[in-house]
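S.K.: Chains as they are written, first to last, in my numbering: chain A, 14 to 394; chain B, 14 to 394; chain C, 14 to 394; chain D, 14 to 394.
Each hint should be verified, as a subset may be incorrect.
A pair holds if it fits inside one copy or across any two, identical chains being indistinguishable in the list.
[As the list claims (entries may be wrong)] Below, a list of computed lysine-lysine pairs in the DSS-like style, where the Cα atoms sit at most 27 Å apart: (1) 394 with 196; (2) 390 with 222; (3) 390 with 184; (4) 222 with 184; (5) 184 with 196; (6) 130 with 200.
To be clear, the hints were calculated from the coordinates, so they are not data collected in a lab.
Number of protein chains: 4
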Amino acid sequence: MIGGGSDAFIGAIHRRAALMENQIELVCGCFSINPEISLSSGRSYYLPDNRIYSTWQEMIQAEASLPQGERMDFVTIVTPNRFHYAPAVAALEAGFDVVIDKPMTLTLDEALSLREKVYQTGRTLALTHVYSAYPAIKEARERIARGELGEVRRVFVEYSQGWLSERIELKGGNNAVWRNDPKQAGKGGCVGDIGTHAWHLTEYVTGAKVTEVCADLLRVVEGRVVDDDACAFLRYDAGFTGLLQASQVATGEENNIRLRVYGSKCGIEWWQQQPNTLYIKWPDRPTEEVRVGNGHAYLSDMARWNIRTPGGHPEGFIEAFANIYRNFAMTVRAKAAGEELQPEWLDFPTVEDGVRGLQFVETMVQAGYCAEQKWHKWVEK
Amino acid sequence: MIGGGSDAFIGAIHRRAALMENQIELVCGCFSINPEISLSSGRSYYLPDNRIYSTWQEMIQAEASLPQGERMDFVTIVTPNRFHYAPAVAALEAGFDVVIDKPMTLTLDEALSLREKVYQTGRTLALTHVYSAYPAIKEARERIARGELGEVRRVFVEYSQGWLSERIELKGGNNAVWRNDPKQAGKGGCVGDIGTHAWHLTEYVTGAKVTEVCADLLRVVEGRVVDDDACAFLRYDAGFTGLLQASQVATGEENNIRLRVYGSKCGIEWWQQQPNTLYIKWPDRPTEEVRVGNGHAYLSDMARWNIRTPGGHPEGFIEAFANIYRNFAMTVRAKAAGEELQPEWLDFPTVEDGVRGLQFVETMVQAGYCAEQKWHKWVEK
Amino acid sequence: MIGGGSDAFIGAIHRRAALMENQIELVCGCFSINPEISLSSGRSYYLPDNRIYSTWQEMIQAEASLPQGERMDFVTIVTPNRFHYAPAVAALEAGFDVVIDKPMTLTLDEALSLREKVYQTGRTLALTHVYSAYPAIKEARERIARGELGEVRRVFVEYSQGWLSERIELKGGNNAVWRNDPKQAGKGGCVGDIGTHAWHLTEYVTGAKVTEVCADLLRVVEGRVVDDDACAFLRYDAGFTGLLQASQVATGEENNIRLRVYGSKCGIEWWQQQPNTLYIKWPDRPTEEVRVGNGHAYLSDMARWNIRTPGGHPEGFIEAFANIYRNFAMTVRAKAAGEELQPEWLDFPTVEDGVRGLQFVETMVQAGYCAEQKWHKWVEK
Amino acid sequence: MIGGGSDAFIGAIHRRAALMENQIELVCGCFSINPEISLSSGRSYYLPDNRIYSTWQEMIQAEASLPQGERMDFVTIVTPNRFHYAPAVAALEAGFDVVIDKPMTLTLDEALSLREKVYQTGRTLALTHVYSAYPAIKEARERIARGELGEVRRVFVEYSQGWLSERIELKGGNNAVWRNDPKQAGKGGCVGDIGTHAWHLTEYVTGAKVTEVCADLLRVVEGRVVDDDACAFLRYDAGFTGLLQASQVATGEENNIRLRVYGSKCGIEWWQQQPNTLYIKWPDRPTEEVRVGNGHAYLSDMARWNIRTPGGHPEGFIEAFANIYRNFAMTVRAKAAGEELQPEWLDFPTVEDGVRGLQFVETMVQAGYCAEQKWHKWVEK
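Given only the sequences and the hints, what does the whole structure look like? Please build it.
M.R.: The following block contains the structure:
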């Protein structure tokens, strides 16, 4: 693991998600840019000192020199965005598979280059777009794919948070500092941090790709360098349209993701904060509450593959994360063993999604600040 | 009452709303363009035959010739849009006050002309934008006005229905027939029928006015003449921005109106399908469920003026409607008696809102179909 | 109307409910035990002074002496419980039909005697158990009756309020004063005021009758004379059992009524505070949200008869009340005209429900305070 | 681990919960009464064959003979109830700490004897009453303890499931088979399986103990040997009363646990199926939605100790389970190291709760089937 020291949020989630399924062990790490934090963190994770490294370069080199079976099997990169690309490339070159948090890289150029590296090395790269790993989303995707909604017509996705409603980046000591700095986080603020999740959810669930956007990017709180709110009309290659709404200044919101897809036959709705229900809305019969639970025979196999508990025993964010790690681990193990890959193991975001994610940010930033002519004055007459 | 025969939906709502508060009696009407339906409807409403009319022209003339105290006090117009303007003008000229369903007229020109007529006659005109008459919306408006949200930053409003997800206008015998015909309903389809409600709600609750839009109007279901889905980015004169989303092809939705306003201090949320709760979302303390109920001392006087029951005894759509009628009746009665008008009596939409409503439709239609250059291609690179 | 002065809560609800459907007009009343309040109330309801009475005795006598067609058609009694019996008897004897709030009388003896009087006079008496008049409850009853739940097995009903969590009866000037006085309200406190509603709901919806109870009546707040909390296990004649829970000291609750019925095939749930949804819970398919709305073809005719608006336009407490008045009015009118009575018109609580209500209170009070031997000590061993 | 083969439900939950926090590794096990299943299960968990055992006796003996540091640190027992006592005693005697699923033993006598054994050996025993390990429940307990509710007055707890609404025990191959057999599961059916969870939740959250019950135990589905539905009025040593309702024949319910506590100042409500919100209901201000999330400064330290994610990133059942394992592991490790124990580490159910659980079943069974005199006939008069 690179990053994820005891002072970091997402690293701890990654560790729990990786360990939960008894498929993965934490064997080494460089947990911080600060060697002391890296050491103390590693010790608190019960690692021996010789597997705790001061730099990621050192780690990759040292691990690569260990005998097969003793060295790590793959690397998880949970550092700020600007420290994604270099360790990922180094790991791939040293023969390690990679798990990486989104956005995949700082820039689109890095993303394209990383994709090239994945192609060259033939290794596996997983990107942790966690929201598409919830079982209810798998169920939605299956139902859309098998035509239950009829022809898809409209997609609405929203991701609202309120944690940037004040300029907490000025206080320091939090994630907002680097996220509001384009050199560390990339061109997109809100659009990169959470807009990408929202966008990815729509492509994952419908299987279609965005082709055009009409966007509005805002710096709502005065003084902010990057966008803290972003919305867009979307056009998809499958012929339908959508609306994306992302905000980090929606005061009082926690992590409010809502996805709706309306087809010619029915509509579906999912809300991440109560993730175990998928609502199916019919024109002529009652709305159905499709519940996540491994006892529910009405669920698709793909949904059930991603469920651990019977209905009414709620699963959450960490379990969704664990689905990505479990699938990645099974894929990597099978590839190493030369075994046949099951389709459900391959169900995790890849370097392709990573490239599209950076393209999304680029597209939104280009579209969102220019095109003042898109605005139409109120007709006073 | 003009319109509202026994075959009509909204007329029955108007009658219940008008009668409920014991301020208004139904004394006469021309209930249908078909004299037989008008007569049978009027009889079923327990009216004597001599107060049931075959045409609205006849009604206004006959009633105007009755002695003061016997004739009707005001006219309610609940016909399809194209039959709003002429009877309204005639009623005003004959000295009657007017209640009219939205949109106020077929065209913006008619609206401007009707406004002129109201100015000339000095009579009272109420427009039934019912959703802003819910007590929770009154409470929201009061809280925003007194600064509880801080500076308003973002407004999100949505109005989703699914009843036009099929081309039911082809079957005939329903509201969709005239609503999908610009000659009968005006230029806007969805944008006129429900978009206006959504837009009005934002202006009512924030007290600000839209100045610019970036819109997308869609004819989602093939063959439709007017828009059946409309969305827009909005800019307001108070400096904040918003997002409006309206659809009549959201399959499986009933009458899904959701309003959110985010300020620098907190956010608020209201959902029309469960209208008796207003959520106040704070960054640093729990979300509060502000409940409508006349026993709740924490509510504003304006909210309480519009509430009939203690908390937990739900009020609904008809009561919201009745608030408009009650306020209108008290205003009209006080004006007639030369008494001082209380501010809470004047709290109903007027001819000014009607004009702005038609301007909104005009603006959206102009903005929504053109400006193809507002779209930005996906950056493939 | 007897009672319902401008200082009373439930009277205003009755008036709105009665007027809303354009079937009933308010023509006279004795609105208070205080003649001045009666007069000022009547004037504020736009009644002429000669139809505003100082005593109910005077009103019944005077109205009875008016010619048919001019006099009132029926009397609504909305006084405190101890003033129900005498005016009801007098009204029946004078040839008027009666609407009366629950509990029907102060004592069981009065109830039995009133029933006798109804039998003798052949007049119509309606009791306003409003909660069974909600359309979702009609739908539930129909579904149970047609066997959709299979064999009914368990009924759970709860009615929680918090308004008596302090001894507000000591402050005076509120309903709690007479409700906590057995001489004015009868033997039951909570059990009479709200327990009867909960019990009635179960009998209405299942069509079965309670035969035995094991009850616990509590005076939770010290110093209280009558029960402020009541719960019971119930046995019904149809062979199933139930659980009733009523409290007026559930601090922070408004008017929290929840009904559930579990059968061998499915379960249903209804919550009065969001009354327009009936949940149908299946063992092997998703929970269905059956929605109240006159456009929903899946609803029973009986439910639709009690609905005024399309789905998503919420109806509430006053509309439920209005269903009772509308049905009563149609019954009374048809009886007067010698017309055939439609089954849906007869769907309102009658004097029989009133007698059973007083029996319920009697049964609960007898069972709830004695039988200390029903308690079993914790097995320490 | 004893039990928890690949064909078992709860074992997999225990493993995930134990592993998630990186405090515990799975090192050995006897996963089934069937040695072949034990072996194949163990292999699928990546254990070496020499740490997979055919019997629990063999496992305890073999592990005890391994050198300190190589042998297992503790045993988890996740077998059917009748196989709890013997391995637990053996493990304690061999010097191992124990985690055991509830109910702790088959009989109350076993429970008392096991408690004795824990006292003698001085070892640590944790009982997995998972529902009291949810962070929202910790928050509720803290608030009650610090007097925020005022004096506690009423406790309502419900646990409804529907999976036994048919006699699936007759089909075989499921948990219902042994659970419906008193020799395998103990005297209580529903009361033992889920009633104990409900009861424990009330004692945990209030800190009070039940002293008396008035109970009704039912065998709703014909032919069933043990109760499948249980309800009771409860009296607590702290002076308040409660109501417990448990059912496994509530057709269509999943795992519906709802806890409410009403005090003199406010009431609280928690619903396990959406476990990350605790509702605080006030008489004079809006209901508050207290949300689980490690960024919420308004939460108690105890709640925060049991939270892994920021608000809006839902945690669930497995995380609650993991709280017990984490606390147990920290306690065991500190005891072994002779370090001081932090109060928050000791926050897990112990052998005392296990004994009280068996007493609860005994009390309910004694009270629930007898005392026919607790029933009171309907007063017909």
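S.K.: Indicate, hint by hint, whether the structure satisfies it.
M.R.: Evaluation of the provided hints:
| no. | hint | in the structure |
| --- | --- | --- |
| 1 | 394 with 196 | between (47 Å within a copy, 21 Å between copies) |
| 2 | 390 with 222 | between (32 Å within a copy, 12 Å between copies) |
| 3 | 390 with 184 | neither (39 Å within a copy, 38 Å between copies) |
| 4 | 222 with 184 | neither (39 Å within a copy, 35 Å between copies) |
| 5 | 184 with 196 | within (19 Å within a copy, 59 Å between copies) |
| 6 | 130 with 200 | within (23 Å within a copy, 55 Å between copies) |
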